[in-house]
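**Q** The primary structure of each chain is shown beneath.
Number of protein chains: 2
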Amino acid sequence: MADEALFQFLHSEIIQYVNSAETGESENGRCVSKLENMGFRVGQGLIERFTKDTPRFKDELDVMKFICKDFWTSVFKKQIDNLRTNHQGIYVLQDNKFRLLTQLSAGKQYMEHAPKFLAFTCGLVRGALSNLGVKSIVTAEVSVMPACKFQVMIQKM
Amino acid sequence: MADEALFQFLHSEIIQYVNSAETGESENGRCVSKLENMGFRVGQGLIERFTKDTPRFKDELDVMKFICKDFWTSVFKKQIDNLRTNHQGIYVLQDNKFRLLTQLSAGKQYMEHAPKFLAFTCGLVRGALSNLGVKSIVTAEVSVMPACKFQVMIQKM
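Residue numbers (my numbering), protein chains in the order written: chain A, 1 to 157; chain B, 1 to 157.
These aren't lab readings, by the way, just hints derived from the structure by calculation. Possibly wrong hints are sitting among the right ones.
Subject to a maximum C-alpha distance of 25 Å in a straight line, what follows is the list of computed DSS-like cross-link-like pairs (lysine-lysine) [claimed, not checked]:
1) A:Lys77 with B:Lys52
2) B:Lys77 with A:Lys52
3) A:Lys77 with A:Lys97
4) B:Lys52 with A:Lys78
5) B:Lys78 with A:Lys52
6) A:Lys135 with A:Lys116
7) B:Lys77 with A:Lys77
8) B:Lys78 with B:Lys52
9) B:Lys58 with B:Lys69
10) A:Lys77 with B:Lys78
11) A:Lys65 with A:Lys156
12) A:Lys77 with A:Lys149
13) B:Lys116 with B:Lys149
14) B:Lys77 with A:Lys78
One-sided and incomplete, this derived list gives chain B residues near chain A with beta-carbon spacing under 7 Å [to be verified]:
15) Met38
16) Val42
17) Arg49
All C-beta atoms, glycine included, are put in the ideal place defined by N, C-alpha and C.
Bound conformation, chain A alone:
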C-alpha cells in the first residue's frame, strides 16, 4: 500500500509540474509528450529488471501477455482485465479500474484532463515493448472513468 501511494502521489506531482512548466502555444500537447517520454524511459528501465530471469518470449502475443499480467501487476497491482487483438498488429488492453484515474472524480467534467493522466502509462508500455524489440505506438482513451483502454499498434520493421 505504501508503494502504491508513493507512486500515485509522485505521478500526480509530475503531471502538475510538467503542466505548469510547459507554457506556450501548444502547451497541452507538449505536456502530454513530455510525460510520455518520461514513461518511455521508465518503462525501458523497468522491463529490464522484470525480465532478467524470464525465458525468451515465443512471439509478439507472448510479449503482450507478459505486459498485461506480470508488468501490469508490478506497476498497477492488478492485471489488465481484457486483451484483444485483430492478429494484425493491433492490441487493445482494457483496464476497468485504472489506478491512475481512480483519484479523479468520475464525472464527465474532468474528462478533458484524462490524457495527462494516461500519457505516462502510454510511454511506459511503449518503452517496455521497445526494450523487448517490439516497436509500437501506444494511445489511450477513456469512455467512463476510471475504465480505460490502451491501444498498441505494432510498427513492423
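Knowing the structure of chain A, use the given hints to seat chain B on it.
**A** Same frame as chain A, but now just chain B:
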C-alpha cells in the same frame, strides 16, 4: 523490487526534467527548491495514509522515531541507521546506504550533483513532519556516497 525500481526510475526522471526545465540565473537553486516542494506534498500525502491507524504520538522524539523506522522503511525499504539529537530541537538522521544515491557512482566527481538527489527526500521528511504538527527545516549532506545525513531543525511556534 518492482516498486523500488519504479520509484527510483521515476525519481531520476523528475530530477532530469526539473533540471532541464528550470533554466535561468539561479537554475540550480530553483531546481532543488522545486524538487523539495514536490517532496513536501508527497510527504504530506504519504504520512496521512501511514498514520491512519497508529496511536497518537507521545512527543517529538516519538514522531522522529516513527519517521526513522516505519516511514523510512515504507519509502526506502530500510530503516535510518542512526538517529541523534541534541534534545534542543535538532535531529540528525543518518542513512549509511541511501537508496536514491546508490545509482550514482561513489566517486567524488558526482558530489556536486548530490543536492539534486536529496532535495525530494528533504521535502518528503518536512512534509511528513508538517502533517504531524511539527514544523521543521530539513537539510541533507553527503560526506561519502552513498551515506547521507539529514538534519532536521524543529521550528518552535
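**Q** Each hint needs a verdict: does it hold in this structure or not?
**A** Structure-based check of all given hints:
Taken as a hint, the A:Lys77 and B:Lys52 pair is honoured in the structure, with Cα atoms around 21 Å apart against an allowance of 25 Å. With a CA separation close to 21 Å, the supplied pair B:Lys77 and A:Lys52 stays within the 25 Å bound. Between A:Lys77 and A:Lys97, the direct Cα distance comes to roughly 11 Å. Compliance with the 25 Å bound is thereby established for this hinted pair. Only pairs whose Cα atoms come within 25 Å are accepted, and B:Lys52 paired with A:Lys78 is accepted, the gap being roughly 24 Å.
Of the pairs offered as hints, the one joining B:Lys78 and A:Lys52 holds, with about 24 Å between alpha carbons and a cut-off of 25 Å not exceeded. Restraint check for A:Lys135 and A:Lys116: satisfied, since their Cα atoms lie roughly 23 Å apart, inside the 25 Å limit. Restraint check for B:Lys77 and A:Lys77: the C-alpha separation of about 18 Å stays at or below 25 Å, so the hint holds. Of the pairs offered as hints, the one joining B:Lys78 and B:Lys52 holds, with about 21 Å between alpha carbons and a cut-off of 25 Å not exceeded.
Between B:Lys58 and B:Lys69, the direct Cα distance comes to roughly 16 Å. Compliance with the 25 Å bound is thereby established for this hinted pair. With a C-alpha separation of about 22 Å, the suggested pairing of A:Lys77 with B:Lys78 holds against the 25 Å cut-off. A hinted pair counts as satisfied when its Cα atoms are at most 25 Å apart, and A:Lys65 with A:Lys156 qualifies at roughly 19 Å. Only pairs whose Cα atoms come within 25 Å are accepted, and A:Lys77 paired with A:Lys149 is accepted, the gap being roughly 17 Å.
A threshold of 25 Å between alpha carbons decides the hint, and for B:Lys116 with B:Lys149 the separation of about 14 Å falls inside it, so the pair holds. In summary, the hint linking B:Lys77 to A:Lys78 is supported, as the alpha carbons are separated by about 22 Å, within the 25 Å threshold. At a threshold of 7 Å, the smallest CB-CB gap from B:Met38 to chain A is about 4 Å, leaving the interface hint in force. Among the interface hints, the one on B:Val42 holds; its C-beta lies about 4 Å from the nearest C-beta in chain A, closer than the 7 Å criterion.
Hint status for B:Arg49 relative to chain A: holds, with the closest Cβ pair at about 5 Å, below 7 Å.
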